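Peer 1: Quick note on my numbering: the sequence shown kicks off at 7 and runs consecutively.
By construction, these hints were calculated from the structure, which means they are not laboratory data. Please note that a few of the clues may not be correct.
Unchecked claim - Using C-beta positions, here's what the derived DEER-type ranges look like:
#1 Arg98 x Gln250: 18 to 28 Å
#2 Arg12 x Asp183: 51 to 61 Å
#3 Pro233 x Glu35: 36 to 46 Å
#4 Thr21 x Thr173: 39 to 49 Å
#5 Thr21 x Gly118: 40 to 50 Å
#6 Phe252 x Pro315: 46 to 56 Å
#7 Gly121 x Met382: 45 to 55 Å
#8 Glu274 x Arg18: 24 to 34 Å
#9 Asp341 x Arg127: 23 to 33 Å
#10 Leu359 x Tyr57: 32 to 42 Å
Since we're looking at a predicted model, the values are computed, not measured. Even for Gly, the Cβ is constructed at its ideal location relative to N, Cα and C.
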Amino acid sequence: MSELERRRAARRGATRALWEPMFDLTLGERLAHLTAEAPAVYDLDQVTDIYGNGVVEELERRVANLLGKEAAAFFPTGTMAQQVALRCWAGRTGDSTVALHPLAHPEQHERGAFGAVSGLRTVHPTREPRLPTADEIRDFDEPFGTLMLELPLREAGFVLPTWQELTEVVEAARERDAVVHFDGARLWECVTHLGRPLDEIAALADSVYVSFYKSLQGLGGAVLAGPETLVEEARAWRHRYGGQVFQQFPTALSALLGLERELPRLPEYVAHARVVAEALREGFAAAGVPWVRVHPEVPHTHEFQVWLPYPPETLNEAAVTQAEETKTVLFRYWDAVGPGLSRIELTVGGAGLEWTAEDVRGAVADFVQRVDSAAMGADG
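Sequences and hints are given; from them, build the entire structure.
Peer 2: Here you go:
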């Protein structure tokens, strides 16, 4: 059995997990869930979609209303949606330069697609692990046509600015005659920290992209929302990019389910993530771990980072052993971020609401004992 297979088997055999993502389910389980739940959000006696009509149009309408935008277009991936949006803005502004953070998704996870596919150039107003400030935008020494803000900035720890900071950054971009695009793959999670409803947040930007398989546990897919004229142009480019998919009803139905079931619960998840984060910090301190970082200290969303001074091999062995022997999944998978230093992203969802602070501290104590055993085994 490979390590990946072992981790999967341990998770499936567990009776308790801090996070239970839908993508861990089998094909049969996922199909059964969709079949059972979809009638609550859409009339299944309707004909299936063909090239974006029917249930796909309904999803577009729902998202446009939620975000307070004139129109919305469904895309198979967020990568495609954002490339299309930004090349459309480049054509309209006459400037193909996009200002964004070097930790943003297009710079980290898309193989240079902006430049290779869309002919866009990127610049970075800041390299600090946070969103840029208004002064950094206002005083940046290169011109740009579009400012792209990833909300939250995942690689920096799912961090967000304050509402005032965000509005000031947008105003600074406007002073430079730049348009503003939100990479809102996880925009759904931002309401609690920013203290504003979705449509008020989205109103700051000229266009917004949102995802359905992250916060909302959908099968996939994304929507680009903005002015009617931009969305119509984006539909043309979607076709050129190969995104005019014949039928997408399973993905669209799962997205509607996410809007109906998960979206209303996100503020509850965010609130409990803050309880879990504090309990983790207390648990590691009580267990005598020499150094630990929970980042942000108070999570901005229901996702955050934990850093520990051990190699990932040690931590992952402790995590999988804990799952196998106690049927409890506290941590899923640790990555190396430096010599003897590891980081993990934690998500608190519906399953995590059942964990009290004491539950978290107890699981941490058990985990640390297993870390010590794994470390001694590696040394010996």
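Peer 1: So does Pro233 sit 36 to 46 Å from Glu35, Cβ to Cβ?
Peer 2: holds (40 Å)
Peer 1: Has the hinted range 46 to 56 Å been met by the Cβ atoms of Phe252 and Pro315?
Peer 2: The hint (46 to 56 Å, Cβ to Cβ) holds, given that Phe252 and Pro315 are roughly 51 Å apart.
Peer 1: 32 to 42 Å was suggested as the range; check whether the CB atoms of Leu359 and Tyr57 agree with it.
Peer 2: The hinted range 32 to 42 Å holds for Leu359 and Tyr57, with Cβ atoms some 40 Å apart.
Peer 1: Would you say the C-beta atoms of Arg12 and Asp183 sit inside 51 to 61 Å of each other?
Peer 2: holds (55 Å)
Peer 1: Do the beta carbons of Asp341 and Arg127 sit within 23 to 33 Å of each other?
Peer 2: holds (30 Å)
Peer 1: Range first: 40 to 50 Å. Now tell me if the beta carbons of Thr21 and Gly118 are that far apart.
Peer 2: holds (44 Å)
Peer 1: Please test the hint of 45 to 55 Å on the beta carbon pair from Gly121 and Met382.
Peer 2: holds (48 Å)
Peer 1: Within 39 to 49 Å: is that where the Cβ-Cβ distance between Thr21 and Thr173 falls?
Peer 2: This hint holds: roughly 46 Å between Cβ atoms.
Peer 1: Do the Cβ positions of Arg98 and Gln250 conform to the proposed distance bound of 18 to 28 Å?
Peer 2: Holds - the Cβ-Cβ distance for Arg98 and Gln250, about 22 Å, lies within 18 to 28 Å.
Peer 1: Determine whether the Cβ-Cβ distance between Glu274 and Arg18 falls within the hinted range of 24 to 34 Å.
Peer 2: holds (26 Å)
Violated hints: none; the structure is consistent with every hint.
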